[in-house]
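Assemble chain S onto chain V, guided by the hints.
Order-wise, the sequence lines are chains V and S.
Read in the numbering used here, the first sequence has 82 at position 68, and its numbers run on one by one without any break.
Read in the numbering used here, the second sequence has 163 at position 162, and its numbers run on one by one without any break.
Calculated from the structure, these hints are not laboratory results.
Don't take each hint at face value.
[Said to hold, decoys possible] Part of the chain S face toward chain V, derived, beta carbon under 8 Å:
| no. | residue |
| --- | --- |
| 1 | Val31 |
| 2 | Ala43 |
| 3 | Glu71 |
| 4 | Ala72 |
| 5 | Val73 |
| 6 | Ala74 |
| 7 | Val80 |
| 8 | Ser82 |
| 9 | Thr87 |
| 10 | Val163 |
All C-beta atoms in this analysis are idealised placements derived from N, C-alpha and C, irrespective of residue type, glycine included.
One letter stands for each residue in the lines below.
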Amino acid sequence: MMIWRGTILAIATLLLWTVQANADTAGIGKFRLVSGESYVVRDGTRSKAEVGGVLHQKDVIETAADGSVGVTFNDNTVFSAGPNSSVSMEEFEFNPVTLKGSFLAKLGKGTLSVVSGDIARGSPKAMRIRTPSAILGVRGTRFLVRVNEEKQ
Amino acid sequence: MIQRSSKFAILLILLLSAACTEPRLGKSLVIVLPDESGKVGAVEFNDGKNKVLLNKPLAAAKVTTAGKVEAVAVTQKDVDSIFKKTIASLPVLPRRFRLYFKGDSAALTEDSQKDFEKVFSDIASRQAYEVEVTGHTDSVGGTAYNEKLSIRRADAIREKLVARGIKANLIFVYGRGEWDLLVKTKNNKHEAKNRRVEIMVR
Numbered sequence: 015m016m017i018w019r020g021t022i023l024a025i026a027t028l029l030l031w032t033v034q035a036n037a038d039t040a041g042i043g044k045f046r047l048v049s050g051e052s053y054v055v056r057d058g059t060r061s062k063a064e065v066g067g068v069l070h071q072k073d074v075i076e077t078a079a080d081g082s083v084g085v086t087f088n089d090n091t092v093f094s095a096g097p098n099s100s101v102s103m104e105e106f107e108f109n110p111v112t113l114k115g116s117f118l119a120k121l122g123k124g125t126l127s128v129v130s131g132d133i134a135r136g137s138p139k140a141m142r143i144r145t146p147s148a149i150l151g152v153r154g155t156r157f158l159v160r161v162n163e164e165k166q
Numbered sequence: 002m003i004q005r006s007s008k009f010a011i012l013l014i015l016l017l018s019a020a021c022t023e024p025r026l027g028k029s030l031v032i033v034l035p036d037e038s039g040k041v042g043a044v045e046f047n048d049g050k051n052k053v054l055l056n057k058p059l060a061a062a063k064v065t066t067a068g069k070v071e072a073v074a075v076t077q078k079d080v081d082s083i084f085k086k087t088i089a090s091l092p093v094l095p096r097r098f099r100l101y102f103k104g105d106s107a108a109l110t111e112d113s114q115k116d117f118e119k120v121f122s123d124i125a126s127r128q129a130y131e132v133e134v135t136g137h138t139d140s141v142g143g144t145a146y147n148e149k150l151s152i153r154r155a156d157a158i159r160e161k162l163v164a165r166g167i168k169a170n171l172i173f174v175y176g177r178g179e180w181d182l183l184v185k186t187k188n189n190k191h192e193a194k195n196r197r198v199e200i201m202v203r
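Just chain S, with the same shape it has in the complex:
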């Protein structure tokens, strides 16, 4: 009996203190983290009157019970205890690849043949994926010819991926001819860096 009533008293105190004191991390909370490369961006939290700019690792702001946005100190421990499962559910980040081709050809250069393996293993490592393959050419040749060549290049990559088991209906192929030169050149200029496909994996 004594035990039970003392437990009840503790519970009552906890409830009362929760009702009276301001929750340390507020009713809304924002925390900024470094990205994969270690860089920190910026977000601004705004209640209509007050705003707080967050642009450092673990910089945070909360909304108080009264509805005011203000800066708050948080630790990595807070991040782990509140967001562990959330962060664990973040999908693999989208990744962009570039593969280069021989002149006037839909055949990959030798270096890019090796890089193709990186593209394939990245796609294969994802639970669910979507691949955009966009072909490009340099400025040698007519624009109509180059549009076709750029699509042939993108198609060649699509076929290589499908042959390795990547689903054809999840690969989207585009050709931009010579309209989007990576290295700006005059017309009719050979440029190895422009003979490429850009592959977006997400």
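Bound-form chain V, shown alone:
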């Protein structure tokens, strides 16, 4: 009985891993709106953000004084970053079958407008947004965040 249970668990884990591995190569979301000077930093290389461009886990979004971007994620979370912002996508995992996953973004500076999607619906700890000095647990759905502490 125990052996069976172990085997089933192993298979289930493997399936879950496969789904996530596929999701990774396809990216975690896409830019839907880009204005002004807006960039995405991936593996240390900075390039211009483009409408339709794919966002990956660990990417950092950066906007200049005239910049802003809007992103739609695979779990139907939608957010936008305003001017002079820096947002790191530290963690994004989503299983499109179970609709569960985890979302952790860090707002280093600037502003964020968020409408949460499937991940936040899963459990109260599944979606979090960090600022340099505190952490935000998201149960849904619409909220705004500003970080304004560069010169302190």
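What follows is chain S alone, placed relative to chain V:
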């Protein structure tokens, strides 16, 4: 000269007061808003020691200079002045549609033919889009047959969208056969609500 020195004095006072007084809206700020349907969710702001739960329209919390999370009163004016451009950059929200089919067929019911226009205009109104079309069947017929039928239904929608100019490489088609009944039934039961495609537009 006098003018210049008085300007300098005002600047100095402003700088000093900025350095001494606590900024009203803190070094981090969170504000909760109602969603499209007017409902308010909840977020919790936590500095490791103190936490504040925000679950009312315009409920807000800040992090003080000392690093403490505490509730703060904000107005719609604050939202507009700080977040105007940010909110304006929010993409159109994802939307889910359901279209229904005639029995054992990949042809839409008459009502759903009209609803197809709503799906099309929603997609066409978006700057950048991605469409997931998932076909389903009711429980009449074998499971293997129904898997194929569900894909035929999803494909039929894909073709209708492509014919209207929606990009084929941005439409993703899935078929779930009778594995995900919207209305739970016994096997071999005709159920119009189960003969459907679910369309996620984002």
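Subject >> Interface hint compliance - valine 73(S) to chain V, C-beta minimum distance less than 8 Å >> reply: Hint violated; valine 73(S) Cβ to chain V Cβ min 12 Å, cut 8 Å.
Original post:
Measuring from the C-beta of alanine 72(S) to each C-beta in chain V, is the shortest one below 8 Å?
Top reply: Violated, about 13 Å.
**OP:** Would you check whether valine 163(S) satisfies its interface hint, that is, whether its CB is within less than 8 Å of any CB in chain V?
**Re:** Violated: closest Cβ of chain V sits about 18 Å from valine 163(S), beyond 8 Å.
Subject >> Evaluation of the interface hint that places valine 31(S) against chain V, nearest CB under 8 Å >> reply: 5 Å, holds
**OP:** Have a go at the glutamate 71(S) hint: is there a Cβ in chain V nearer than 8 Å to its own Cβ?
**Re:** Constraint on glutamate 71(S) not satisfied, violated at 11 Å.
Original post:
At a threshold of 8 Å, is the proposed contact between valine 80(S) and chain V supported by beta-carbon distances?
Top reply: Where the cut-off is 8 Å and the nearest Cβ of chain V is about 7 Å from valine 80(S), the hint holds.
Original post:
With 8 Å as the cut and Cβ atoms as the points, is alanine 74(S) at the interface with chain V?
Top reply: Check failed: Cβ of alanine 74(S) comes no nearer than 15 Å to chain V, outside 8 Å.
Original post:
Quick one, is the alanine 43(S) hint okay against chain V at 8 Å, beta carbons?
Top reply: With a minimum Cβ separation of about 4 Å from chain V (threshold 8 Å), the hint on alanine 43(S) holds.
**OP:** Grab the minimum C-beta distance from threonine 87(S) to chain V and call the hint holds if it beats 8 Å, violated otherwise.
**Re:** 3 Å, holds
**OP:** So, serine 82(S) near chain V? Judge it on the closest CB pair being under 8 Å.
**Re:** 11 Å, violated
Taken one by one, the earlier hints fail for this structure at numbers 3, 4, 5, 6, 8, 10, listed in ascending order.
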